[in-house]
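Colleague: For reference, the chains in residue letters:
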Amino acid sequence: MSLARVHAVLAAGVEHPRLLEHWRETPNDLRALGIEPDTLDLDALGKFAGLSVKVRHNPLRALLPLSFRLMSVAALEIAVFSAYAAQRSRRGLGYAPTMPERAHDLLDFIGEWHDPNDHIQSLLWDAMRYEYALAQLGPWFVEASVEDAASDRVPEDSAPKHCASKQRASKHRAAKHEASKHQASKHRDAPSLRGESVLLELQSNPNDVARVLHASTPDLTQIDQDSVCLCVWRAPESSNVAVLALDEFGLALLAEIDGVRTPQALARRLGGGRGAAAAVREALRSLAEIGIAEIGTADIGVVTACA
Amino acid sequence: VKYFEADATRTQLGLAYSATALAYLDAHPDALDYIEIPFEQLRHTPEAGALQSRIPLVLHCASVSVAGTVAPSTQTLDAIAATAAQLRTPWIGEHLAFVSAEGLEGEADAPEPTALTYTVCPQLSEASVERVVANLDAARARLGATPLLLENSPQYFPIPGSTMPMSAFVAAVFARCDAGLLLDLTHFLITCLNTGADPMRELERMPLDRVVEVHISGLSVQSGIAWDDHAIPASPQVFQLLQRVLREVRPQALTVEYNWSAAFPQTILHQHLQRVRDLLEVA
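Chains as they are written, first to last, in my numbering: chain A, 1 to 307; chain B, 308 to 590.
Since the hints were derived computationally from the structure, they do not count as laboratory data.
Cβ coordinates follow ideal geometry from the N, Cα and C atoms, glycine included.
Keep in mind that the hints are not guaranteed to be accurate.
Some chain A residues close to chain B (C-beta under 10 Å, calculated; not the full set) [unchecked claim]:
id	residue
1	Ala-8
2	Leu-10
3	Val-241
Build out the structure end to end from the sequences listed, making use of the hints.
Modeller: So, in C-alpha cells, the structure goes:
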C-alpha cells in the first residue's frame with residue numbers, strides 16, 4: 001500500500017471523521033483509495049480523531065476543571081471527544097476560534113450526547129452546566145476578543161483567551177437573568193433581579209462531585225443522585241460569582257421574577273392562594289436580604305433594603 | 308538572556324512550557340535547568356520567548372512532518388530556523404511523525420493537502436524510512452546547523468502497509484541518519500501496550516546510544532487503547548523504563564511533560580521531579 005495514500009487516508013479520517021462512517025458502510029470506497037478495509041481499524045482511527053480534538057480543547061480545562069477531571073477519572077474523554085469529532089464532521093462544523101465559543105459548543109454537544117439514565121454521563125452533564133454557568137458570569141466572556149490558534153498543534157494549557165461571545169452564548173443564557181432587560185417596562189411594584197444570574201436544576205450536588213473527584217482514589221458510585229436547585233449569581237457591584245442553594249419554590253420564583261410581575265402576580269403563577277402569597281412574600285424578603293432581588297414599592301410586609 | 312549549555316557531567320532537567328511549568332518556576336526559581344517550548348507556541352505568541360530572560364529555552368517542534376509525504380513550506384522551515392537561532396537552542400526536537408498529508412481526490416480535482424493539528428504515527432515501512440531520510444536532508448538544508456532530534460511516536464493502532472514494529476522502524480531510521488533520539492518513554496510504553504510488546508525487550512531494540520533527550524508524561528487507558536495524557540502523572544512503569552534507560556545512557560536533558568492542564572497539582576509535579584533527580588543521581 002502506497003505510503004502517501006495511507007497517510008492521506010489516515011489524515012482525511014482524522015480531519016473528517018464522517019469519512020470513517022462512510023468507509024464503514026461502503027468499504028469498497030476505501031478499497032478504491034488503495035486501502036484494504038481489513039487493514040485499517042476505523043474505530044481506532046475515530047478514537048484517535050477524538051484524542052486530537054480533546055487536545056484542542058485543553059485550554060478549557062481551566063474553566064471546566066471538574067468536568068475534565070470527571071471525564072478523566074471515568075475514562076470518558078476519548079469516547080466523548082471522538083463522538084464530538086464525529087458529530088461536528090457530520091454537520092460540516094469546525095471548531096470555534098475562541099474558548100468561550102468552544103465551551104458553549106461542547107456543552108451543547110454534551111446536552112445532546114449524554115444518556116440521562118447513565119449515572120456518569122448525567123454527572124458530566126451536571127458538572128459541565130454548573131461550571132459553564134460559573135464561567136459565563138466570570139470575566140472571560142466579556143473581555144476583549146483574542147483568538148486561540150497556537151494550541152491547535154501544540155498541546156498547552158495556557159489560560160483560555162478572553163472574548164466577547166454573547167451572541168453565541170445566548171442559547172445557554174436562556175435561563176440567565178439580566179437586570180437591565182426589562183427596565184423599559186418595569187412595573188414600580190414589581191420585584192426585579194439585580195446583577196446577572198443563571199438558574200440550574202441538577203441531579204447531583206457539585207460539592208459532592210468535587211469532594212469525590214479530589215479524593216486520592218475517586219469512587220464515582222459514592223455520588224448520590226440528588227435533586228439540587230442553584231442560582232449562580234453575580235451582583236452588579238461585584239466581580240465575584242456566588243452560588244445560592246435554593247429549594248424548588250425559590251428556583252421557580254426566581255425564574256418568574258421579571259421586573260414586570262407584581263408579588264401578587266408571582267403568587268398566582270406559583271399556585272395562588274394565601275399560602276403562595278405568604279411564601280412569595282417571605283421568599284422575596286430573603287432574596288432582598290441577600291441582594292439578588294430588588295423589591296418594588298408594593299406592600300409585601302416588612303422589607304429591608306437591598307445589600 | 309539565558310542559553311542552554313550542555314553539561315557532560317549531568318542530565319539537565321526541564322519542564323514542557325505550560326502554566327503549570329511557569330507556576331513551578333515562580334515557586335522554585337533554581338530547580339529547573341530549562342523550559343522546553345514549542346515552536347508553534349512562539350510563532351503564535353512570540354512574547355512567550357521573554358521567558359528566556361529567566362531560564363534557557365529548548366525548542367520543540369511539530370511542524371516539520373518528518374515522516375510525511377507533504378513537505379512543510381519554506382516559510383515554516385525558515386521560521387523554525389530563525390527561532391532556533393534566536394533561542395540558541397541546543398537542538399530542535401521534532402516528532403518522527405507526520406502532520407500533513409496529500410488530500411484525497413473525489414471532492415476536488417486537485418485536492419489540497421490535509422493539514423492536521425496533531426501529529427500522526429507514520430506507516431512503519433522501508434518506504435517510510437526512506438522518506439524520513441530524504442525529508443531530513445531537505446529540512447536540514449533550511450534549518451541550518453542546529454541539530455535535530457527525532458522523537459518516537461506513540462502507536463495507537465496498526466498502520467496499514469506497515470512491515471515492522473516501532474522499535475525496528477526507529478532503529479532503521481537512526482541507522483540511516485545522524486539525528487539524535489528524543490526518547491519519549493511514555494510514547495514508547497503506549498506503543499508497547501497497544502501492540503502487545505514487552506517494553507523491556509523492545510527497549511533493547513531501540514538505538515539507546517543515540518538518546519540525547521528523554522520525555523516523560525502520563526498515559527491513560529480509555530476505550531480499549533492506551534493514550535498519551537499530559538494531564539496526569541507518569542505511571543510507575545514509565546519510571547521503571549527510565550531507570551532501565553539510565554543504566555545504558557546519560558541523556559543531556561530530561562523533560563517532564565505535564566503541560567495539558569493548568570490545574571496539574573504542583574505537589575505531584577514537585578514529587579515527580581524529585582523522583583527523576585533521585586534516579587539520575589543513582590544512575
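Colleague: Tell me the numbers of any earlier hints that the structure contravenes, in ascending order.
Modeller: 3
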